[in-house]
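**Student:** Please put together the full structure from these sequences, using the hints given.
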Amino acid sequence: MALLEIKNLTLYIDTGDDTTVKALEKVNLTLNEGEIRALVGESGSGKSLVVRCIIGAIPDYWSIKADRITYNGQDLLNMSYEKRRQIMRREIAVVFQEPTSSLDPSVTIGEQIEESIPPEFIDKGWFWEKNRQRKQIAIGLIHKVGIRDHARYLNAYPHEIPKDVSQKIMIAMALASEPKILIADDSTRGMESTTKTQILRLLVKLNKTKKLAILFVSHDLLAITSIAQSMTVLYCGQTVESGKTRSLLKRPLHPYTKALLDSAPSFQVSLAPKSPLVALDGTIPTLQHLPAGCRLGPRCPNARKECVQVPAPRSIQEHTYSCHFPLHMPEKLSTKPPRMAQGLTATSYEDD
Amino acid sequence: MLKLLVRYLNLMVLTIFALVLLSFFLPFLFPGDTLTNISGIVAQSAEQRAALEGVYQLDKSVFHQFAFYIESLITGNWGISLSDRANLYDDIQLAFPATLELVAYALFVSIVIGIPLGFLSGLKNHNPADFSVVTFSIVGYSFPVFWLALIFITIFCLQLEWLPLSGRIDLLFDVPVNTGFILIDIALSDISNKYDAYLDALRHLILPTASVAIVTTALFIRFTRRSIMDVMKKDYIVAAKSRGFTQSQIFFKHAFKNALLPILPMLALQVSTLITNVMIIETIFSWPGVGRWLIQAIYQQDYPAIRIGMLIVSLFVMSLTITIEFITRAIDPARERAESATI
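Here the protein sequences line up with chains A and B, keeping their order. The working numbering puts the first sequence at residues 213 to 564. The working numbering puts the second sequence at residues 3 to 345.
Incorrect hints may have been included.
To be verified - Here are the computed lysine-lysine pairs in the DSS-like style, where the Cα-Cα straight-line distance is at most 25 Å:
| no. | chain 1 | residue 1 | chain 2 | residue 2 |
| --- | --- | --- | --- | --- |
| 1 | A | Lys342 | A | Lys356 |
| 2 | A | Lys456 | A | Lys422 |
| 3 | A | Lys356 | A | Lys336 |
| 4 | B | Lys243 | A | Lys277 |
| 5 | A | Lys277 | A | Lys295 |
| 6 | B | Lys243 | B | Lys126 |
| 7 | B | Lys243 | A | Lys375 |
| 8 | A | Lys375 | B | Lys259 |
| 9 | A | Lys277 | B | Lys235 |
| 10 | A | Lys336 | B | Lys255 |
| 11 | A | Lys295 | B | Lys235 |
| 12 | A | Lys356 | A | Lys417 |
| 13 | A | Lys277 | A | Lys238 |
| 14 | B | Lys243 | B | Lys255 |
| 15 | B | Lys243 | A | Lys219 |
| 16 | B | Lys255 | A | Lys342 |
| 17 | A | Lys347 | B | Lys243 |
| 18 | B | Lys236 | A | Lys375 |
Read the hints as simulated data drawn from the structure, not as lab findings.
**Tutor:** In structure tokens form, the structure reads like this:
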């Protein structure tokens, strides 16, 4: 059962001079109950935009069109503001990219954590008892995310604490309402590996013990493959491929996924010494100069005439891809062998 | 915090010293006889001159003179006016509260109207309410204060005859001076028709307060609007929204304080502009404040009065600015970091 389902989400950004840019185009994403799903993509591929669309914090000059964005079967798009707020308050929690700027600089950490505790959790009668209970819950939350020295941090202001601690505090605040979904928006970016491991372990533990569904937004392939059961690959605002992490790693169907995996040497078991590293030519296009059709087109080694049309998502079992000429697949449309595909596969298998 | 307080007190004392030193040298720099400039008395004979020099210690060294000057400043012995032989200390005691009163009301009006309007238009930006508030603030800010006051007088006093033209209260009400603040004085006095007196004093207040407050209000609106618009785009507001907090919770707990903190020093700086404007307005509305008093002194080349008046006004503006600066420092948790943790 899909807890969170996004179907054909398109995000238009008004650039001011009577032009709109499709920052996201027909993005599909599902998050099942108790699952860790990774949302992968380069910087600028629109990962954070997807998150902003889910939580509904979008400025006036953005507009969303989608077949559906549902949480637990309830349509988030056509919901009243109040109802959506309630869902955000109790069911969905977000941990943002920049922990230090996502905490209010003028309020102490303790107060901010206490604020995120829903009032329903406080059952004591008098206000001093309530305050004490709130404080107890806050201390418990901080311990839960692995900070032992609560006295030191509760009365501190956000600028006084280190970045990894504020990241953990963001997680504590997200857990305060005991949500069903945790969206971690690139929460381990720029962290040293020990802290990163701690946070990843914390996420996995939460997923195992509380059946917390996690949408893990990142470009860190190592972290993703170690914790995520399934992944969705985003390129330049389009979902290119999604499925179980294991099958994606074993047999990527989309050229972009393959290039992405190849770019991380840790995944190439048989990488010979001094062999060239594989990367796609060019860079990710800017929003002002998006190619028509499949946005990988100009950089894709397999691109052909058909690629100026946006490919419809096709799926084999749980593995969905959007490509006219997927890798590892028998040719259906054309008898001609793909010009570059052989070259691409050759680079990865030529060593012996 | 204590360190901060000591630092600001130090700054204040040093600035006061510099101001006192400057005002000490003024009579030597003014044209004319230094003795007359200091004492306010034109010596008629050699004996009188010698006696006066003895009193003001002009026959001793400059350090003695300075020490004597500080002593007389502290004891309230501020000299006498050259033009009407009035005691300057009493004069200022009468005039200064009147200015303070006008400044206080104008500031009150600007804060009470300007800041909420700024928040309103910043939160609802780019809708008709916002546009009208912004238009009002641009128009209000563009008026020169003295011109606006004259226009007010022409319309409301001369054409429509709704409001009184000058002064603080009608001469019919004999309110004894107690604190110098007219509204408080009325409350403290035992005149029979207090209600009428209040009404009359308020009618006198409307035009001067309005003409000063419009410019300041316009500025406050612009500062607040800009600031709240910036704050609402910040990550922590998006984060607060994502946590499903209510609009009022987001505004009062997170946006309000963060929007006001950066603009408080700017608002504080406007107070000195406000005082300057009040001085101009006092002259136009014959408001018996220190500004009008000082301008009269300048017309009459009343050097002792100019010296003391200038010192008092600058001391007031300076201590106000430093106090507000201290308060903003003290309540802003993030600013302490900037001064203690920069490498």
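**Student:** Quick check: which numbered hints come out false for this structure?
**Tutor:** The structure conflicts with no hint, since it agrees with every one listed earlier.
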